[in-house]
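Engineer: As given, the protein sequences belong to chains A and B, one line each in that order. Residue 10 in the working numbering sits at position 10 of the first sequence, with consecutive numbering throughout. Residue 42 in the working numbering sits at position 42 of the second sequence, with consecutive numbering throughout.
Errors might be hidden in some of the hints.
[Unchecked claim] Partial list, derived from the structure: chain A residues whose beta carbon lies under 8 Å from chain B: (1) Val4; (2) Gly40; (3) Gln41; (4) Gly42; (5) Leu43; (6) Phe45; (7) Tyr48; (8) Asp56; (9) Leu91; (10) Thr104; (11) Phe107; (12) Gly108; (13) Pro109; (14) Gly110.
Everything labelled a hint here was simulated from the structure, so no lab data went into it. Keep in mind that this is a model prediction, so the values were computed, not measured. No residue lacks a Cβ here, since even glycine has one placed at the ideal position from N, Cα and C.
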Amino acid sequence: GAGVSQSPSNKVTEKGKDVELRCDPISGHTALYWYRQSLGQGLEFLIYFQGNSAPDKSGLPSDRFSAERTGGSVSTLTIQRTQQEDSAVYLCASSPSSGGVVETQYFGPGTRLLVL
Amino acid sequence: AQSVTQLGSHVSVSEGALVLLRCNYSSSVPPYLFWYVQYPNQGLQLLLKYTSAATLVKGINGFEAEFKKSETSFHLTKPSAHMSDAAEYFCAVRKGSNYQLIWGAGTKLIIKP
Numbered sequence: 001g002a003g004v005s006q007s008p009s010n011k012v013t014e015k016g017k018d019v020e021l022r023c024d025p026i027s028g029h030t031a032l033y034w035y036r037q038s039l040g041q042g043l044e045f046l047i048y049f050q051g052n053s054a055p056d057k058s059g060l061p062s063d064r065f066s067a068e069r070t071g072g073s074v075s076t077l078t079i080q081r082t083q084q085e086d087s088a089v090y091l092c093a094s095s096p097s098s099g100g101v102v103e104t105q106y107f108g109p110g111t112r113l114l115v116l
Numbered sequence: 001a002q003s004v005t006q007l008g009s010h011v012s013v014s015e016g017a018l019v020l021l022r023c024n025y026s027s028s029v030p031p032y033l034f035w036y037v038q039y040p041n042q043g044l045q046l047l048l049k050y051t052s053a054a055t056l057v058k059g060i061n062g063f064e065a066e067f068k069k070s071e072t073s074f075h076l077t078k079p080s081a082h083m084s085d086a087a088e089y090f091c092a093v094r095k096g097s098n099y100q101l102i103w104g105a106g107t108k109l110i111i112k113p
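So here's chain A without its partners, still in its complex pose (with noise of 0.2 Å):
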């Protein structure tokens, strides 16, 4: 079956320009997540979401940055007047659910986000 996707796979954009990430979960996963990955960093965690809720927001680095997901399934992921250091790969992932069981979490191919 068809894996987590994301879109645009790389975007270029000019700093104070505002740019949005999109991510498709796998059929039927409840859980999605927002990471991002700076060059020769390990990820960091941005946003969760179970269903269209974000119960977990604490990521997000500033108030430039904002996510939504309709439908329990497409997620937007949205930065504000970007600044150079938000230059970055942002990856999203899911998972069937968030019920306290330890579960993999599928990863999409990231976007590639360069602000110049």
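Assemble the complex: chain A is given as a structure, and chain B must be docked to it using the hints.
Structural biologist: Leaving out everything else, chain B in the frame of chain A:
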């Protein structure tokens, strides 16, 4: 607070040699530990995970990892490296009773012919 340390940002081994990628964690509660692999231009893929059922965990592609509580380690090994193992490997620990994963910085495995 939980954290993960991966020793060596790059590890180089010859084809056929033993692969050893090190991961040490700190956790105030019994941890759940994961190894993920990222092949070039691909998404992260789960290699294996420790969930307290057995200390020696076998994963895909011939990899395994041993949980050693006394050493707070979860090192990843493979007896014989293949060229196809060249990738970046990430160790992660689950944050307490939460779903959130805390990640190491990654180790890039280079295989020499």
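Engineer: With chain B as the partner, please determine if A/Gly110 meets the hint condition of a C-beta pair closer than 8 Å.
Structural biologist: Cβ of A/Gly110 sits 7 Å from chain B, so the hint holds.
Engineer: Verify the interface restraint on A/Gly42: the C-beta must sit less than 8 Å from at least one C-beta of chain B.
Structural biologist: 4 Å, holds
Engineer: Does the closest beta carbon of chain B sit nearer than 8 Å to the beta carbon of A/Pro109?
Structural biologist: 5 Å, holds
Engineer: Does the nearest C-beta of chain B fall within a distance shorter than 8 Å of the C-beta of A/Phe45?
Structural biologist: Since chain B brings a Cβ to about 5 Å from A/Phe45, closer than 8 Å, the hint holds.
Engineer: Given A/Asp56 was flagged as interface, is its beta-carbon under 8 Å from a beta-carbon of chain B?
Structural biologist: 7 Å, holds
Engineer: Let's test the interface hint: is any C-beta of chain B closer than 8 Å to that of A/Val4?
Structural biologist: 7 Å, holds
Engineer: The hint names A/Leu43 as touching chain B; please verify it with the least Cβ-Cβ distance against 8 Å.
Structural biologist: Since the shortest Cβ distance to chain B is 4 Å, the answer is holds.
Engineer: Given a cut of 8 Å on the nearest C-beta pair, is the interface hint for A/Thr104 held or broken against chain B?
Structural biologist: 5 Å, holds
Engineer: Let's test the interface hint: is any C-beta of chain B closer than 8 Å to that of A/Tyr48?
Structural biologist: 7 Å, holds
Engineer: Hold the hint about A/Leu91 up to the distance rule: shortest CB distance to chain B must be less than 8 Å.
Structural biologist: Holds, because the Cβ-Cβ distance from A/Leu91 to chain B comes to roughly 7 Å (cut-off 8 Å).
Engineer: Given A/Phe107 was flagged as interface, is its beta-carbon under 8 Å from a beta-carbon of chain B?
Structural biologist: Holds: closest Cβ of chain B sits about 4 Å from A/Phe107, inside 8 Å.
Engineer: Against chain B, with CB atoms and a cut of 8 Å, does the hint on A/Gly40 hold up?
Structural biologist: With a minimum Cβ separation of about 7 Å from chain B (threshold 8 Å), the hint on A/Gly40 holds.
Of the numbered hints stated above, none is contradicted by the structure.
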